[in-house]
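Once you've looked at the hints, dock chain B against the given chain A.
2 protein chains.
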Amino acid sequence: MLAVIAKLNVKAGKEEDFEKVMLDLAAAVNNNEPGNHLYQLCKDADGNYVVLELYEDEEAIAAHGASEHFKASGAGFKGLMGGPPEITRMTVVE
Amino acid sequence: MLAVIAKLNVKAGKEEDFEKVMLDLAAAVNNNEPGNHLYQLCKDADGNYVVLELYEDEEAIAAHGASEHFKASGAGFKGLMGGPPEITRMTVVE
Numbered sequence: 000m001l002a003v004i005a006k007l008n009v010k011a012g013k014e015e016d017f018e019k020v021m022l023d024l025a026a027a028v029n030n031n032e033p034g035n036h037l038y039q040l041c042k043d044a045d046g047n048y049v050v051l052e053l054y055e056d057e058e059a060i061a062a063h064g065a066s067e068h069f070k071a072s073g074a075g076f077k078g079l080m081g082g083p084p085e086i087t088r089m090t091v092v093e
Numbered sequence: 000m001l002a003v004i005a006k007l008n009v010k011a012g013k014e015e016d017f018e019k020v021m022l023d024l025a026a027a028v029n030n031n032e033p034g035n036h037l038y039q040l041c042k043d044a045d046g047n048y049v050v051l052e053l054y055e056d057e058e059a060i061a062a063h064g065a066s067e068h069f070k071a072s073g074a075g076f077k078g079l080m081g082g083p084p085e086i087t088r089m090t091v092v093e
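If you read the protein sequences in the order shown, they are chains A and B.
Be aware that the first sequence starts at 0, since it is given in numbering that gives the first Met the number 0, and climbs by one per residue.
Be aware that the second sequence starts at 0, since it is given in numbering that gives the first Met the number 0, and climbs by one per residue.
The set of hints was computed from the structure by calculation and includes no laboratory data.
We treat Cβ as the ideally placed atom computed from N, Cα and C, and that holds for glycine.
Fair warning: there could be bad hints in the mix.
Unchecked claim - According to the in silico footprint, chain A covers these stretches of chain B (three or more CB under 8 Å from chain A): (1) 4-15; (2) 33-41; (3) 82-91.
To be verified - Label pairs and their computed distance ranges (CB to CB): (4) Ala65/B - Asn29/A: 31 to 37 Å; (5) Asp16/B - Lys6/A: 38 to 44 Å; (6) Glu15/A - Asp45/B: 33 to 39 Å; (7) Lys77/B - Gly64/A: 39 to 45 Å; (8) Asp16/B - Asp16/A: 43 to 49 Å.
In isolation and in its complexed conformation, chain A is listed as follows (with noise of 0.2 Å):
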């Protein structure tokens, strides 16, 4: 299993908007991708938001990446954020 963790740079201001367009990402993977296991948006006391993920292989990770509701997402998110993400992959060690 696979873990990733996505450091997401919002823009001041657009926090409400961010949310919503996340959350509705975080619901279509929920019911379209089998090889995802955890897809949990996470806000720290600074106000800096995260997404903890987990997948089954490399194969759920490029089937996420590729998916039609995350590549029609990127529309949603345009304008909220303020640069790109601070990705970190890593091993389950199980």
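Positioned in the frame of chain A, the structure of chain B alone reads:
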């Protein structure tokens, strides 16, 4: 729901011993903490260890820290850690 990212500082050469102790602790968490929803040991490409954790609420985090299995694990980790963990606490956005 609450999330924790715990970055763990493992001494070089102690990785195998650390994984055994940590996976035993993770099994105890999974078997004994109904308020914990995720306790997943991960390793990044540089060999750094991270535990991704999800809890129902503050009470569940307190129950984790106060549990006999958590307190007992301290002896197992003795000599394996290179410094204190770096803990990030977050709220889950739902």
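Here's how the hints hold up against the structure:
Look at the region 4-15 of chain B against chain A: 1 of its residues bring a Cβ nearer than 8 Å to a Cβ of that chain, fewer than three, so the hint is violated. Remark: the region 33-41 of chain B is confirmed as covered by chain A, as 4 of its residues place a Cβ nearer than 8 Å to a Cβ of that chain, reaching the required three. Coverage of a stretch by a chain is defined here by at least three residues with a beta carbon nearer than 8 Å to that chain's beta carbons; for the region 82-91 of chain B and chain A the count is 5, and the condition holds. For the pair Ala65/B and Asn29/A, the beta carbons lie near 32 Å from each other, so the given range of 31 to 37 Å is met.
Range check, Asp16/B to Lys6/A: Cβ separation about 31 Å, and the 38 to 44 Å hint is violated. The hinted range of 33 to 39 Å is satisfied by Glu15/A and Asp45/B, whose Cβ atoms lie roughly 36 Å apart. In this structure, Lys77/B and Gly64/A meet the distance hint of 39 to 45 Å, their C-beta atoms being roughly 42 Å apart. As the Cβ distance of Asp16/B to Asp16/A is approximately 47 Å, the hint placing it in 43 to 49 Å holds.
When each numbered hint is compared with the structure, violations occur for hints 1, 5.
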